[in-house]
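Heads up: the protein sequence lines correspond to chains A and B, in order. The first sequence begins at 2 in our numbering and counts up by one. The second sequence begins at 2 in our numbering and counts up by one.
Just to be clear, a hint being listed does not mean it is correct.
Since copy identity is lost for identical chains, a pair holds within one copy or between any two.
Claimed, not checked - List of simulated lysine to aspartate or glutamate pairs, EDC-like, C-alpha gap at most 16 Å:
#1 64 <-> 27
#2 248 <-> 79
#3 135 <-> 295
No lab work stands behind these hints: they were computed from the structure. If you're wondering where the values come from, they're calculated on a predicted model, not measured in any experiment.
Here are the chains, one letter per residue:
There are 2 protein chains.
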Amino acid sequence: MKLGLLGDFVSAYDRRIRDRLKTLWEIVAVPDDAPPARLAAALAEIDAAIVIAWKPGMPESPKLRLLQVPGAGYETLDLAAVPPKAAVCSAFGHEDCMGEYAVMAMLAWGIRFLETERRFRRGNWKDSSRFGGKTHEEFAGKVVGILGFGRIGQASATRAHALGARIVAVNRTPRPKPGYVERLYAWSDMEAFLAASDFVVVACALSDDTRGLLDAKRLGAMKKTGVIVNLARGHVADEDALFDALKNRRIGGAILDVWYRYPSADDPQAAPSRHPFHRLRNVYMTPHISGWTDGMFDRRFNQIAGNLDRLARGEPLQFVVRPASVVSG
Amino acid sequence: MKLGLLGDFVSAYDRRIRDRLKTLWEIVAVPDDAPPARLAAALAEIDAAIVIAWKPGMPESPKLRLLQVPGAGYETLDLAAVPPKAAVCSAFGHEDCMGEYAVMAMLAWGIRFLETERRFRRGNWKDSSRFGGKTHEEFAGKVVGILGFGRIGQASATRAHALGARIVAVNRTPRPKPGYVERLYAWSDMEAFLAASDFVVVACALSDDTRGLLDAKRLGAMKKTGVIVNLARGHVADEDALFDALKNRRIGGAILDVWYRYPSADDPQAAPSRHPFHRLRNVYMTPHISGWTDGMFDRRFNQIAGNLDRLARGEPLQFVVRPASVVSG
């Protein structure tokens, strides 16, 4: 069996995959700057590929049965352009650390950890209990709203619940409501869900249904003190509307780990948005790190290698987001 | 019954106490700058006092039956100087928010939240997953060592355990070991306890047994990556030894909410230590805020008012740290 690692980003995972495979694979890495003929030659013979993007007009790949992305999001794949006989699979293993990030961020927000630490490091005692400082917020009893009740949403919810928060959730497709969730809202009740939540943990996929979902109207439905925690994709919240709501204090704040623009080789210091979120005091911001742990790599590459082993053995694939068509080659 | 609020700090709590009392009390507030005769007049007639300190040489207080401190620590009371017929009681209600602070701090440490946020706010993507940034640490599976397994220690431990950490603890006096604690060390096994812990949550009282407890030798027993989380009192860790261990990276870091010096009216910008902890990158520092929430005040003043009601009704007091002598007046 032959596996293509298409592009520099996934090629860097060569060792992590190779070390975990139990079946025999030849691995072909294709760098970003490879000539088109090299990509075409690889695609002509591979059985599986790990990719982060798939555009229309890719060379033929007649044997391709598995297109594996190394994460949960696959909005960078044009599914219509993927060979019909290839299944598309995503991978997880990031949900545990993302759930940890979510509760850390919400706790830190209530404690005003960043601003208090920054001031105290400069020698300012104004936040101190010993100086009549302002009290901070407890997390227990807060309503944590989970927007997108998939793996990441559930990992955030169970941790928040274990710390005494009340959990509500909303999901595009109906799901059974676990006992610890107080209310699972219908997608059409989005505004009631937002109005009920002290924190809104954004944990849904980016799709046509969710792009710009948190627009001015929906952000306006939130509590004045409500806080967005976006771990999913920047564009789930409309860039202009979110900045405006934060700047004008129509919502309490935002903890943003995902962005509107990312750096590239051409522009390694790209600003994460066309708006200066970094100037807002009611924003905590990190550069897409919530799922970035060694534990995630362990879990994720065990899954990916497991899928390749399954393909080699003719067993059913896991984490399929688009099945292969049944037409046999 | 008469209650004295001795000093400005506790006098500020007049309303919180008054609103919660169910029995009839006359309340006398004595400011810090009151003439000695006014303090003596108050002490001559009060049945109970709320204080943060009690020094030798206080005027006579023949009716005093309850000396209530508005927190857990009472190292500022000279117990030998307290009238023998007065019980000394502490108060709690801070343990829940302190437990929240402890898990927040440990999660934030693993995520490198402060330094990553600070860099990204300045436009630096180096920590990003999209830029090959260094992975961060997961909290689940870490060994959280609780030094002082009282209310605050237990509130930290249960929350850390709920997030998947492994819990060990050490306590001066033997205690039953709850099932979620992997090992409860004897006080004499302090170094083994420290060596086992990824995080050491300091949650013991400051006393002759604990002052300077974490000295150079004991800090040297910690893992090189071990992190001190001090929520208790600065002086449990020797000031010089802690700074030295941090500066020379003999331990991984420290999250410090309690200090060696505090501001006063004369010196409102007092440095928190004679050493520049604020210059160390492996320190997160806050100005004694971990227990500072409205929820704490609610819980604590319900306890304090409850104790005053008990005294008025002749019922047994709660949270007694030094009983009254049985000699009747």
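Here is how each hint holds up against the structure:
1. 64 <-> 27: Within. Shortest intra-copy distance 14 Å satisfies the 16 Å Cα cut-off; inter-copy 89 Å does not.
2. 248 <-> 79: Neither, since 35 Å and 52 Å both go past 16 Å.
3. 135 <-> 295: Answer is between; shortest inter-copy Cα gap is 9 Å, intra-copy 38 Å.
Violated hint: 2 only; the structure is consistent with all others.
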